[in-house]
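Asks: Taking the hints into account, I'd like the entire structure generated from these sequences.
Chains as they are written, first to last, in the working numbering: chain A, 1 to 213; chain B, 1 to 213; chain C, 1 to 213; chain D, 1 to 213.
Bear in mind the hints are in silico, worked out from the structure with no lab data behind them. Just so we're clear, the structure is a prediction, and the values are computed from it rather than from any experiment. Hints may contain errors.
All copies of an identical chain are treated as equivalent in the list; a pair is satisfied when it fits inside any one copy or across any two copies.
Unchecked claim - No farther apart than 20 Å at their CA atoms in a straight line, the calculated lysine to aspartate or glutamate pairs in the EDC-like style are these:
#, residue 1, residue 2
1, Lys54, Asp80
2, Lys54, Asp134
3, Lys137, Asp186
4, Lys137, Asp204
5, Lys12, Glu35
6, Lys54, Glu29
7, Lys54, Glu96
8, Lys44, Glu14
9, Lys12, Asp67
10, Lys12, Asp141
11, Lys44, Asp189
12, Lys44, Asp80
13, Lys44, Asp101
14, Lys54, Asp204
15, Lys44, Glu123
16, Lys44, Asp192
Protein chains: 4
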Amino acid sequence: MSPRVVDRDQRKREIALAALELFAQNGFEATSISEIAQAAGISKGSIYLYFNSKEDLIFHAVAMWVDQMMEQTGSEAPSDLPPPQRLRSLVHAMVEIFVSDERSVRIAAAIFQLFVTNPRMLEHRDLARELFQDARKAIIDILLDGVAQGIFRPGTAQEAEGIAINLLAYLDGIGLHYYMSRSYFDLMDQVDLYLDHLLRNLTDLSRRPGAQI
Amino acid sequence: MSPRVVDRDQRKREIALAALELFAQNGFEATSISEIAQAAGISKGSIYLYFNSKEDLIFHAVAMWVDQMMEQTGSEAPSDLPPPQRLRSLVHAMVEIFVSDERSVRIAAAIFQLFVTNPRMLEHRDLARELFQDARKAIIDILLDGVAQGIFRPGTAQEAEGIAINLLAYLDGIGLHYYMSRSYFDLMDQVDLYLDHLLRNLTDLSRRPGAQI
Amino acid sequence: MSPRVVDRDQRKREIALAALELFAQNGFEATSISEIAQAAGISKGSIYLYFNSKEDLIFHAVAMWVDQMMEQTGSEAPSDLPPPQRLRSLVHAMVEIFVSDERSVRIAAAIFQLFVTNPRMLEHRDLARELFQDARKAIIDILLDGVAQGIFRPGTAQEAEGIAINLLAYLDGIGLHYYMSRSYFDLMDQVDLYLDHLLRNLTDLSRRPGAQI
Amino acid sequence: MSPRVVDRDQRKREIALAALELFAQNGFEATSISEIAQAAGISKGSIYLYFNSKEDLIFHAVAMWVDQMMEQTGSEAPSDLPPPQRLRSLVHAMVEIFVSDERSVRIAAAIFQLFVTNPRMLEHRDLARELFQDARKAIIDILLDGVAQGIFRPGTAQEAEGIAINLLAYLDGIGLHYYMSRSYFDLMDQVDLYLDHLLRNLTDLSRRPGAQI
DNA sequence: CATGAATGAGACTTCATTCAT
DNA sequence: GATGAATGAAGTCTCATTCAT
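Replies: So, in structure tokens, the structure goes:
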């Protein structure tokens, strides 16, 4: 029917991938179509055969990055450990990405700026929501599993989504703070401190849930 | 002998203020000197009488914003409350800024992008550190006060800085997540959840410190 | 596959040529990229498709001018004349360029100013040296030929390069003086006076070389 | 009548002097009024109390420089030497200025460019002529003296002005060439070669004048 | 007299986008 | 489908000059 559809999408991905690399290094605004074309081994004009505008390209690149992140972290959860260790393991894997590849924080920063700033991006709010969906789900699964196993206190179940949201927000926050003023604290230590407090709460079977202090 | 008298610092502040407004709307890169000049009711060339470059202007604007934030939140802490409530009150005040003035998150996003991306900003790493210094100190003070009053468990003292760092990182993270995908969760609820967990830990006088789970 | 075909080097030459014309009229600094673009019948931005900067353009334009000069004067030497006449003929040809085309002196003045003033041009000192190389060689050839034919005294051979250097420096100097205060002397008469003195020395077979007076 | 006329002229000289220094370093176009004002320890606006425009300032500065040069070289001629040595001594003194103070060549280059290029400067052609007048006269005096003493051949008298013109043009030319491609030849050696040839001609009492070769 | 704040034109340069080939 | 030459708007920054004080 439509010939070479696959090729076309493949090409889009290649370009978006090359673009992503550059976005990570310099941010969206500071990356020019010229550079992207060169990095993708394609002509400047051809970019526009695949994307309608720079914004469109940015959008696709971001979406692709989100997918990548999902796969990368999703696959890291070894399911044979007890829930607390599994949670810690998952979080460590996420942080490891930040630590091992500075790009990710840069892209994250660029994305935040993009979504928070650019009104046109608000139309894609759903993308933003999806962005963390898988990660959130992975965390919630572990939490519910812990409840089922009697390791986490029952109240955890209804707090699960909130906990996941907070955890992911925290991870982005600490990553940004860390890279902003390179290392006046130890990233992993801080993350462990967070996890310590969290897990202590979850495993404290004695207390009543929801009591505000 | 004495020409048109102008308070130079006052003028710098005015320009930086106008710039800040635009930075909050569009980010640093997307804001042009022209726009700033127009917003400040001044000619384009005059900007350079007060700032050596756009980067310089950004830098001053950011520093000014930091100072503003400090004053705003610093004054909000009613010191006659017991430490837990005081902490909650302080954090609420901080979040209130996010909620009441979208600008602040935008500026925060812009700053993160700037520092994480722009290599030249790394020279101002100290600024980045200072940025949170006062806030950190305010939190630590409350924590230590709580220990002194026997309300927080003793181990809190040595964890105080880590707790403060995490709290501030979390607040930025949750703010960014919140504005990125406008309100698929309630911001204040999430923050309260965070505080609940934190305070429960701190007020749990029975446990031994530092035991990792 | 093959888009609008343009001979890139040809285009560069066209632009440089248009620029040269303006440089000759106004000097390097006083000539704007806008003017060059207009003169070349091209858009301002397109200039930068061919040259990296204004300095680069100046550099190429100067190099092109040098080549032009070389060809123009190099072809003028009729080799069947006896050496003294050949030298006079060559020099006359050089002066003729000055006289017939005021541009050349202007460009020379601009080049001198550029090289003497702009520290960045010192990196291209080799260009400056090359600039006169061919002309120097042409003069030296005639001198050595004259020695071989027994018309110039033998000592001429070892002085040849110095004589060539002086002759070329003189020509530039007299050209500049001439155009600076338009014609309170006759250019060609002065040049002939210089040649008279020079040739009289070279053809004076009786004297010992190197005796300083 | 008109009070403080002296002060005013003195002030003009001070400013022009400061300007001259900068012109020598950077050329006319590249020197800003701001810099001149700062160097002169005066306010930018005040410059315009003394000069109508930048061009006016340039003009006065150049005129002042000419005067300076005159005084400097004029006083250097020790009149008790025999004419050939006196000529060499005078020329050496002139070259010494080039060698000891790079500024002079830079200013010379700037002046050449200015006069050759700027049409408005042509109105001051007389200044250009005057520029070399004293130097020319000093050279002619020596030549005529030499003729009177029977050391230079009689024909020298009628050639005297042409010789002076050529000598001065040569000196500028060799100075420019020298500074353009820093020292691929020895400046003083070249000048001496020029003088050798010149003096040999002048002291060759046997030959008939004006015979063209 | 003197100041220096203010201006606005214009400098160089970059870049997303278009279009003839 | 692919190219890359061309554009023109917009960006940052400089500077001679004016003018209220």
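Asks: Now look at each hint and say whether the structure bears it out.
Replies: Now for the hints, and whether the structure bears them out:
no. : hint             : verdict
1   : Lys54 to Asp80   : neither (44 Å within a copy, 55 Å between copies)
2   : Lys54 to Asp134  : neither (27 Å within a copy, 40 Å between copies)
3   : Lys137 to Asp186 : between (28 Å within a copy, 18 Å between copies)
4   : Lys137 to Asp204 : neither (23 Å within a copy, 30 Å between copies)
5   : Lys12 to Glu35   : within (16 Å within a copy, 23 Å between copies)
6   : Lys54 to Glu29   : both (10 Å within a copy, 16 Å between copies)
7   : Lys54 to Glu96   : neither (31 Å within a copy, 36 Å between copies)
8   : Lys44 to Glu14   : within (14 Å within a copy, 25 Å between copies)
9   : Lys12 to Asp67   : within (15 Å within a copy, 45 Å between copies)
10  : Lys12 to Asp141  : neither (34 Å within a copy, 53 Å between copies)
11  : Lys44 to Asp189  : neither (45 Å within a copy, 48 Å between copies)
12  : Lys44 to Asp80   : neither (50 Å within a copy, 58 Å between copies)
13  : Lys44 to Asp101  : neither (28 Å within a copy, 40 Å between copies)
14  : Lys54 to Asp204  : neither (51 Å within a copy, 53 Å between copies)
15  : Lys44 to Glu123  : neither (27 Å within a copy, 34 Å between copies)
16  : Lys44 to Asp192  : neither (46 Å within a copy, 50 Å between copies)
Checked against the numbered hints given earlier, the structure breaks hints 1, 2, 4, 7, 10, 11, 12, 13, 14, 15 and 16 and satisfies all the rest.
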